[in-house]
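A.B. asks: Residue numbers (our numbering), protein chains in the order written: chain A, 1 to 371; chain B, 1 to 199.
Just so you know, these hints were derived from the structure itself, not from any lab. Heads up, some of the hints might be wrong.
Beta-carbon label-pair distances, calculated as ranges [what the hints assert, rightly or not]: (1) A322(A) <-> G90(B): 21 to 31 Å; (2) Y110(A) <-> N175(B): 26 to 36 Å; (3) S259(A) <-> N188(B): 57 to 67 Å.
Here are the simulated DSS-like pairs of lysine-lysine, each with C-alpha atoms no more than 27 Å apart in a straight line [claimed, not checked]: (4) K34(A) <-> K61(A); (5) K60(A) <-> K367(A); (6) K301(A) <-> K142(B); (7) K6(B) <-> K301(A); (8) K209(A) <-> K319(A); (9) K355(A) <-> K367(A).
Per the computed footprint, the stretches of chain B lying under chain A, defined by three or more beta-carbons under 8 Å from a beta-carbon of chain A, are [what the hints assert, rightly or not]: (10) 20 to 32; (11) 119 to 131.
If you're wondering where the values come from, they're calculated on a predicted model, not measured in any experiment. Heads up, the beta-carbon is just placed ideally off N, CA and C, and yes, glycines get one too.
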Amino acid sequence: MTKIGQVEAIMLILTIIVTHTVLSMPTDILNNYKSASILNLIYVGIIAIIISYFIYKLFKKFPSMDIVDISEFIGGKILKNIIGIIFICYFIISSSLLLRNFCESIQILYFPMTDITFIIALFVIALGIVNNLSFSASIKSNVIILPIALISVVFLFFTNIGRFVPERIFPLLGEGAYNTFILGLTNLGSFGGIAYLYFLPPMLKDYSKFKKICIISILATSLYLIFTVATLLFIFTFFTNVSEISPLYTATRYIEFGSFFQRLESLFLLIWILIFACYISIVCKFSVSILKKLTNISDTKPLINIFCLLIFTIALIPKNLAVTQFFESSIYKYLVLIIVLLLGIGILIFANIIKYRQRLKVNVTEKRLNV
Amino acid sequence: MNKWFKNIFIFVVILVFISAFSSSYSSLNIDNLTYVLAIGIDSSDNNNLEVSFHFSNPIPAESSANEKPNPIINTVTASSLSNAINLVNGYQGRQLNLSHCKVIIFSEEIAYRGISDEIYTLINDTQIRPSANIIISKCNAKFYMNQVKPEIENILSKYYEIFAESSKYVGHIPNATIGDFFNSLNCNTCEPYAILRWY
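Input sequences plus hints: build the corresponding full structure.
C.D. replies: Written as structure tokens, this is what we have:
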């Protein structure tokens, strides 16, 4: 298996959040928490960093094992298969519907007469080609493209700074402390990148860097989220009843340097298309590697084509943009909370308890032997 | 044989994609579009709107630089702005494109009635730019559009683009864009404003 370094791993986790912020995630955050969005993100970000550190601690006793191996340790092959399939379904369904959502936006903006099938097919073909190459190819291209995407968001922030109304941060608690801090905990669903932390340990060149990767990637994710949401919060009032097209795209339309540099949104969209291609290739690679573990297949190349077709087919299931946006804003967040946070951490805690009991038993028998 | 099959397959896939994307290409082709420079909205009978579209009129290559083209203004009556756009698209050979629309003019009468519905329609249109200016005309919007004949600017689109720029050095005119107007419309502590003009 191709091993990845610290920077590549952090970039990989960040890619997940970048693709989600391009679509409706920032709008949902703004609509739910209003002027307290930034405060909520700081609060949720701190909790997410604590969770990622907790995940690192739980993984400490299982170096170079991922969550599928750990499930096998707890419940044998049955649990291993169940957990593996749950994570494959989560990765494939969430990425397919996200892809559909993004393709719908592209269709509205640039290809009004083209059937959505062909736009999705273009991404799936790119996915097939990249995944037939080695994993390092998609990881390296991600390392090149992601910084450009991050710079583009920073650029978006600074070019719109003249339009900012910082007073929009008030009232600080938005719709109240209960909404911001208690109901706001559901916003942990924005940190879907945590799911990939569960599969990173066996992929790392140097396992000792896992702690750094966990903390830095989630910290960077929080900062990125704060940056994007702040940009939108300071420029716009609220996104209620406004265009359902990507909110960041709407923000790019405000960038103007005199009458010469205008309409830079196409450039931003190009960057986002590239980062989307990277995202689905990473998701596909993770899904293939999980299935490889479950089935002990030596050659994964035929599987890649099957996963490409699966993503393509699932992306075609929703009837329209409203269905995909419903998934994005109402279901995805809870999927992350249930599968990634509750199930994932639950398995890790359970595995640690078993490991602790095993160690206790060994210590007791050793003591008896010594006596 | 395998290589041949692969090459033929790639060729067929490319052909299919070319044909699939050609329809979008031709619909967005500059030859098939007509660009709207300004939209004028007046009130009409039975709560209808009288919507006027000011089209770009390129100066023929053989005409002299001082020759000013006559404005092309089409007016339709419809229940909403979207219906008006559809109506014009229905009888005009070319598809309407609002991506170069610089000015949206509302008559004073309709402004008193409230223009939030029209603003929502326009802001949700992906072609309209947030930098388009909003004018409230004391006279009829269509009459205003007919009267716009800048003396020192030959290109009308440029005039529409730069006339609000004077807000940077003169205090008599604000730079009231549809983006700012919409933001203020949704803000509890702001008041939307527009440029007041008349002829």
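A.B. asks: Now, for every hint given, state plainly whether the structure supports it.
C.D. replies: Now the hints, each set against the structure:
| no. | hint | verdict |
| --- | --- | --- |
| 1 | A322(A) <-> G90(B): 21 to 31 Å | 27 Å, holds |
| 2 | Y110(A) <-> N175(B): 26 to 36 Å | 29 Å, holds |
| 3 | S259(A) <-> N188(B): 57 to 67 Å | 34 Å, violated |
| 4 | K34(A) <-> K61(A) | 42 Å, violated |
| 5 | K60(A) <-> K367(A) | 26 Å, holds |
| 6 | K301(A) <-> K142(B) | 65 Å, violated |
| 7 | K6(B) <-> K301(A) | 17 Å, holds |
| 8 | K209(A) <-> K319(A) | 44 Å, violated |
| 9 | K355(A) <-> K367(A) | 18 Å, holds |
| 10 | 20 to 32 | holds (count 7) |
| 11 | 119 to 131 | holds (count 7) |
Going through the hint list in order, the structure does not satisfy hints 3, 4, 6 and 8.
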